[in-house]
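Asker: Sequence:
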Amino acid sequence: MVVKYEKIDKHKIKTRSKPQARQTFDQSALMELADSLVTGQLQPIGVLSDYTLIWGERRLRAALLKKEITHLWAAVFNQEVSESEFLLMRAAENFQRADLTESEKCRTCEELCEANPQWQLQDLAGHLHLSPATITKYLSPSRCIREVREALEAGRIGISVCYEISRVPAEQQGELLSLKLSGASRDAIVQAGRKSRNGNTPAVRLSRVKIVMPQGATVVISGKKVSMVEVVQLLTETLKQARKAAEHFDVRTWEKMMADKSKGGV
Numbered sequence: 000m001v002v003k004y005e006k007i008d009k010h011k012i013k014t015r016s017k018p019q020a021r022q023t024f025d026q027s028a029l030m031e032l033a034d035s036l037v038t039g040q041l042q043p044i045g046v047l048s049d050y051t052l053i054w055g056e057r058r059l060r061a062a063l064l065k066k067e068i069t070h071l072w073a074a075v076f077n078q079e080v081s082e083s084e085f086l087l088m089r090a091a092e093n094f095q096r097a098d099l100t101e102s103e104k105c106r107t108c109e110e111l112c113e114a115n116p117q118w119q120l121q122d123l124a125g126h127l128h129l130s131p132a133t134i135t136k137y138l139s140p141s142r143c144i145r146e147v148r149e150a151l152e153a154g155r156i157g158i159s160v161c162y163e164i165s166r167v168p169a170e171q172q173g174e175l176l177s178l179k180l181s182g183a184s185r186d187a188i189v190q191a192g193r194k195s196r197n198g199n200t201p202a203v204r205l206s207r208v209k210i211v212m213p214q215g216a217t218v219v220i221s222g223k224k225v226s227m228v229e230v231v232q233l234l235t236e237t238l239k240q241a242r243k244a245a246e247h248f249d250v251r252t253w254e255k256m257m258a259d260k261s262k263g264g265v
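Mapping the sequence shown onto numbering that gives the first Met the number 0, position 243 (from 1) lands on 242, and the numbers just tick up by one.
Please keep in mind that the hints were generated in silico from the structure rather than gathered at the bench. Where a beta carbon is used, it is the ideal one built from N, C-alpha and C, also for glycine. Nothing false has been slipped in among the hints.
With a Cα cut of at most 20 Å, we get these calculated PhoX-like pairs of lysine-lysine:
no. : residue 1 : residue 2
1   : LYS260    : LYS243
2   : LYS9      : LYS65
3   : LYS255    : LYS243
4   : LYS262    : LYS223
Here are the simulated distance ranges between beta carbons:
no. : residue 1 : residue 2 : range
5   : TYR50     : HIS128    : 22 to 32 Å
6   : HIS10     : LEU120    : 38 to 48 Å
7   : ARG196    : ALA114    : 30 to 40 Å
8   : LYS65     : TRP253    : 53 to 63 Å
9   : ASP34     : PRO116    : 41 to 51 Å
10  : MET257    : ALA114    : 48 to 58 Å
11  : LEU180    : SER83     : 33 to 43 Å
12  : LYS65     : THR237    : 43 to 53 Å
13  : MET257    : GLN119    : 49 to 59 Å
Construct all of the structure, not just a fragment, from the sequences and the given hints.
Answerer: Below you can see the structure in the form of structure tokens.
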């Protein structure tokens, strides 16, 4: 494929109607990039022969913020490319950038799979120069419920946790997500997921859980029957409230506050 380098009027550069993998553009970061472009452009953007943008949307958006930036250096591909080739060229450049979020990388992998239904996992891994294990993680959101995908996009969970959640049936994914959002570690999610996948092991629920602490104190949870996942959620939420109360109240006052709160159902 023939490539030439050319300085192009920024207003002649066109973006695709199909959205790029990147969905979020921090305005302050764009302004910083625009300031750096005034001094000089370190990396060219990529365009087709009709100036349709392949990669470099952040640089284009930044350039449009500064009237003194009139042109951008671009690598111009003079040969027509298919939809699949277009996506692959864009993905290859995007995956080298550290500022692309995990969610955006996942979306890129899904786009490439949709454009190339004949590809196996190894094919996608080879084209992106990534291991099959990494690609498996990036494709895991497609096997998750909506709430898990939204948590990944919002940055509330990482791709490793998303992958672990994707390994359990959809009806159990919400419980693992709640466990993670309550403050559980990735190891705890792995263990909970392993138990969920073991259909021969019923979930144990107790109406009274006595926890002997290393310091000699004892914590007791009693009332309705709870599973191990629910114990973690209860303790995490209680610890959060205790830390907040410790700034203003003593332990006796907090104990009474929690009792009143429980009676009020708040």
